[in-house]
Amino acid sequence: MNAQVEYYTAQAFPDVINVANAFLADQIIREKSAVVATKSVPLKKTTITCVKGKLTKKVTGIKPTCPKGYKKK
Numbered sequence: 153m154n155a156q157v158e159y160y161t162a163q164a165f166p167d168v169i170n171v172a173n174a175f176l177a178d179q180i181i182r183e184k185s186a187v188v189a190t191k192s193v194p195l196k197k198t199t200i201t202c203v204k205g206k207l208t209k210k211v212t213g214i215k216p217t218c219p220k221g222y223k224k225k
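Start counting the sequence shown at 153; every next residue gets the next number (the working numbering).
Please keep in mind that the hints were generated in silico from the structure rather than gathered at the bench. Each residue gets a CB set at the ideal place from its N, CA and C atoms; glycine is no exception. A couple of the hints might just be wrong.
To be verified - FRET-style restraints, in silico, Cβ to Cβ:
1. Asp178 x Lys209: 50 to 60 angstroms
2. Lys184 x Thr217: 33 to 43 angstroms
3. Leu176 x Lys224: 45 to 55 angstroms
4. Ile181 x Ile214: 30 to 40 angstroms
5. Leu176 x Val211: 41 to 51 angstroms
Please work from the sequences and hints to get the whole structure.
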């Protein structure tokens, strides 16, 4: 029964079916290009030395900052 309904719907509204197919094809292309675009080089981690009096701390990260009260050496 469902196959007959789908057949009659496709016969009655061919323009709607074509527009829907074009829309779905566009979506598939965009998803594939988005997956390719998101692959990037990992960001490089850097290490800085922070000083507070006689204490020193090494902070490592993509964009490291010294803790409160410490200054960059």
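Hints breached by this structure: none
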